[in-house]
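Turn these sequences into a full structure, and let the hints steer you where they fit.
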Amino acid sequence: MDMITIPAVNMTPIMPEIFLSVLAMALLLINVFVPSGQKSYIGYISFIGVIAAAVLVGTGWGMHVESFNGAVVQDNFASFFKMIFLLAAGLAILISDQYMVREECNHGELYPLILFTVVGMMLMAAGTDLMTIFLGLEVMSVSLYVLAGFNRENRKSNEAGLKYFLLGAFSTGFLLYGMALTYGATGSTRIADIATFAAQQSLPSSNVMLLAGMLLMITGFAFKVAAAPFHMWTPDVYEGAPTPMTAFMSAGPKAAGFAAALRILLVSFSTMQADWSQLFWVLAVLTMTVGNITALRQDNIKRMLAYSSIAHAGYCLVGFTAGNPTGTAGIMFYMLSYTFMNIGAFAIIVLVGKKGEPNGNVMDFAGFGFKHPALAVAMSIFLFSLAGMPPTAGFIGKFYLFSGAIQKGYIWLAVIGVLNSAASVYYYLRVMVYMYMKEPTEEFDWLQVSAPIALSLLISVTGTLVLGVVPSIVLQYAQEAIKLI
Amino acid sequence: MEQIIFYILAAVAVIGTVLAISEKHPVHAILYLVTSLFAVAVVFYLLMAPLVAVFEVILYAGAIMVLFLFVIMMLDLGHPEKGFSPHWREWLPALLLSLVSIASLVMVIVSRHSQLAVPAAQSIPIREVSRRLFQGHGVAVELISLQLLFALVGALYLGKQQASSPGLPPSSAPERVSGSEEKSP
Amino acid sequence: MLGTYLPILLVVLIAIIFGLVALTFSSLIGPKKKTALKLSPYESGCAPVGTARERFSIKFYLIAMLFILFDIEAVFLYPWAILYKKLGVFGLVEMGVFVVILFVGYIYVWKKGALEWE
Chain R
752 MDMITIPAVN MTPIMPEIFL SVLAMALLLI NVFVPSGQKS YIGYISFIGV IAAAVLVGTG
812 WGMHVESFNG AVVQDNFASF FKMIFLLAAG LAILISDQYM VREECNHGEL YPLILFTVVG
872 MMLMAAGTDL MTIFLGLEVM SVSLYVLAGF NRENRKSNEA GLKYFLLGAF STGFLLYGMA
932 LTYGATGSTR IADIATFAAQ QSLPSSNVML LAGMLLMITG FAFKVAAAPF HMWTPDVYEG
992 APTPMTAFMS AGPKAAGFAA ALRILLVSFS TMQADWSQLF WVLAVLTMTV GNITALRQDN
1052 IKRMLAYSSI AHAGYCLVGF TAGNPTGTAG IMFYMLSYTF MNIGAFAIIV LVGKKGEPNG
1112 NVMDFAGFGF KHPALAVAMS IFLFSLAGMP PTAGFIGKFY LFSGAIQKGY IWLAVIGVLN
1172 SAASVYYYLR VMVYMYMKEP TEEFDWLQVS APIALSLLIS VTGTLVLGVV PSIVLQYAQE
1232 AIKLI
Chain A
14 MEQIIFYILA AVAVIGTVLA ISEKHPVHAI LYLVTSLFAV AVVFYLLMAP LVAVFEVILY
74 AGAIMVLFLF VIMMLDLGHP EKGFSPHWRE WLPALLLSLV SIASLVMVIV SRHSQLAVPA
134 AQSIPIREVS RRLFQGHGVA VELISLQLLF ALVGALYLGK QQASSPGLPP SSAPERVSGS
194 EEKSP
Chain X
9 MLGTYLPILL VVLIAIIFGL VALTFSSLIG PKKKTALKLS PYESGCAPVG TARERFSIKF
69 YLIAMLFILF DIEAVFLYPW AILYKKLGVF GLVEMGVFVV ILFVGYIYVW KKGALEWE
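Chains as they are written, first to last, in this note's numbering: chain R, 752 to 1236; chain A, 14 to 198; chain X, 9 to 126.
Be careful, since some hints might not be right.
With a straight-line Cα cutoff of 30 Å, these simulated DSSO-like cross-link-like pairs (lysine-lysine) come out [said to hold, decoys possible]:
1. R/K907 / A/K173
2. R/K1122 / R/K1105
3. R/K914 / R/K1106
4. R/K1106 / X/K120
5. X/K41 / R/K914
6. A/K37 / R/K1106
7. A/K173 / R/K1189
8. X/K41 / R/K790
9. X/K93 / R/K907
10. R/K790 / R/K1105
11. A/K173 / X/K120
12. R/K1105 / A/K37
13. R/K790 / X/K119
14. R/K1234 / R/K1122
15. R/K1105 / R/K907
16. A/K173 / R/K914
17. X/K46 / A/K173
18. X/K120 / R/K790
19. R/K907 / A/K37
20. X/K120 / R/K907
21. R/K914 / X/K120
22. R/K1122 / R/K1106
23. R/K907 / R/K790
24. A/K173 / X/K119
25. R/K1106 / R/K790
26. R/K907 / R/K1234
These are calculated hints, taken from the structure and not from any lab test. As the structure is a prediction and not an experimental result, all values here were calculated from the model.
Put into structure tokens, the structure is as follows:
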């Protein structure tokens, strides 16, 4: 007790996090000290900040540094996911400005909150201690609750924020209970120590406390990534939240949930893989099926994409079930592809929405293909990719997820996944039918496409196509990352 | 002796929480919750964790309950004690859920007793808590302050009334009161 | 261990007894005149006006929220203060960052005007 060994503090692993936190706080203060109506410049600064953070993450590629007594780590796994988060945040920032100005809600708090969400997500991916992961998750969630309710004059947005908060807090309870039980069973919150403990047991799944802890943690993460049967909050929240934030929420936090769950399951509970594989089998089938079948009947396009987002989480859970390098690298690849294609699709929805009624219907796309051919082509690419058709990123991602399952002998799971994919084509193509085969119901105004949105569309289209045509340039990084976890 | 006290306190905590949920008057519910939290605090003390016990009282029974009270005052529930109780069928899902979690807890306790000898209780001095906190969880401490900062920002942002907005309609009609709070679960 | 808290327990007991004694004696000895005014609820010495069941401003809530946040700050300062000397520079930096972050929050709150009662 007398000697206190101060942990070796190495700031390198959390440099991007520190940078983004400081930037977020600085922007927060700039926001209150410069009282002007025009807040767009905060968005530009934060976009540049996101790029700088990405450079910081990129320079750390290939290094393996632990810090703070093993509470955080810098490895390729974390860096890969950090890139996804930064990409999601960057694209969301680009499409936010026009939307927020149109909805008269361009308050400067938006961008610091987005940056702060990214900090939370990064620590979820980089955390090697249950406490760090939990706090990262909470940091992420608290900011997301505010972002979901960001349009505070809009009742739908209020509802989204409140619902997300209540159910999010509820799911956090599960997660924390699971972590507490795991700590109680193993005596440590360090992921590596839990793994050591589990490896010493002849039959770790007979330790009820450890098993219960693992199950409750999986439940908590299932809530966060909106896996059925814990998906109930998703449609309402995604519909009510401001569209750019819906785009962000569907990509970034979901990837963060997968990152933390992957690290905990693959490291701590690798000896119990037989147990959690079975569970994920059921979760994956339920999530895919519920998401796709419900999406078939949606007319509101944001609700449709919300259910589709549930379905996509289901595809990723197929990768969890497999739990082998192909499947898990598939998850990482898929989340990256999903970030491109989904935020791209939401960017188009932002453009199509009108002031005061930003939650578009599928019918609003009638005749879109003739009025705005370029935007319609971009939307078609995103929809094709979401449906999983070659030569887009969505196809390659699904291919790796399902082949991972087949390698492990889960033939039926892959079959169910492919069938689900086929069903999903219906509702994605329905939008395209409206775009190209229906006459416009009302006169279209010439849509104003601001430069940031154009840039985000350009990035999304390029990403979706490049990942679809030459997936190996990214996939090799994902495989490299998963090997060294 | 300590075991008897523990079971009494545990019973107080559980009954207090149950009453806090079933009580229709929100202020009474809060008082039950405070009772329950005090019982939990003493349980922590019995478990040789005085620091946690003190924080439980200061933070939960003190500050957070004040927050709850303000929320109730803000909502203006009228006379909720005159509202209707939810039918027992509406309780069923909640009861099922709680039964499941209780069952899992019992299983955990039983398996733990069969597997491990309960380690001899030893007091955890505050210095030890603080050593663990700063040695192992330096990042976590900073994260908590960041989280507090942004919780503050969020609460202020969402709670601030626009000067232009007409504001909420004034005091509620009694019909609205009939237990919307209780029916939601 | 539990014994070290005995003095505190004694203080609490004495406080309770003192309060009880004062209340009992004043109710036993003191004169009682029940008038309508005396039996009405006490409201800062003024005559009660209206019902207490009305909507309170959200400002109260914000103030309570601020109170909790800085309360939690104190919770973390306490363990640090106990080990202040042994944690040395590391502890100082750690807590310095902690406080600075919350200070940013304080400035934000201040500039936003949440501390003013319009």
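Hint by hint, here is what the structure shows:
no. : hint              : verdict
1   : R/K907 / A/K173   : 18 Å, holds
2   : R/K1122 / R/K1105 : 16 Å, holds
3   : R/K914 / R/K1106  : 24 Å, holds
4   : R/K1106 / X/K120  : 27 Å, holds
5   : X/K41 / R/K914    : 54 Å, violated
6   : A/K37 / R/K1106   : 42 Å, violated
7   : A/K173 / R/K1189  : 45 Å, violated
8   : X/K41 / R/K790    : 66 Å, violated
9   : X/K93 / R/K907    : 53 Å, violated
10  : R/K790 / R/K1105  : 21 Å, holds
11  : A/K173 / X/K120   : 9 Å, holds
12  : R/K1105 / A/K37   : 44 Å, violated
13  : R/K790 / X/K119   : 17 Å, holds
14  : R/K1234 / R/K1122 : 48 Å, violated
15  : R/K1105 / R/K907  : 15 Å, holds
16  : A/K173 / R/K914   : 19 Å, holds
17  : X/K46 / A/K173    : 41 Å, violated
18  : X/K120 / R/K790   : 16 Å, holds
19  : R/K907 / A/K37    : 29 Å, holds
20  : X/K120 / R/K907   : 26 Å, holds
21  : R/K914 / X/K120   : 27 Å, holds
22  : R/K1122 / R/K1106 : 19 Å, holds
23  : R/K907 / R/K790   : 24 Å, holds
24  : A/K173 / X/K119   : 13 Å, holds
25  : R/K1106 / R/K790  : 19 Å, holds
26  : R/K907 / R/K1234  : 44 Å, violated
When each numbered hint is compared with the structure, violations occur for hints 5, 6, 7, 8, 9, 12, 14, 17, 26.
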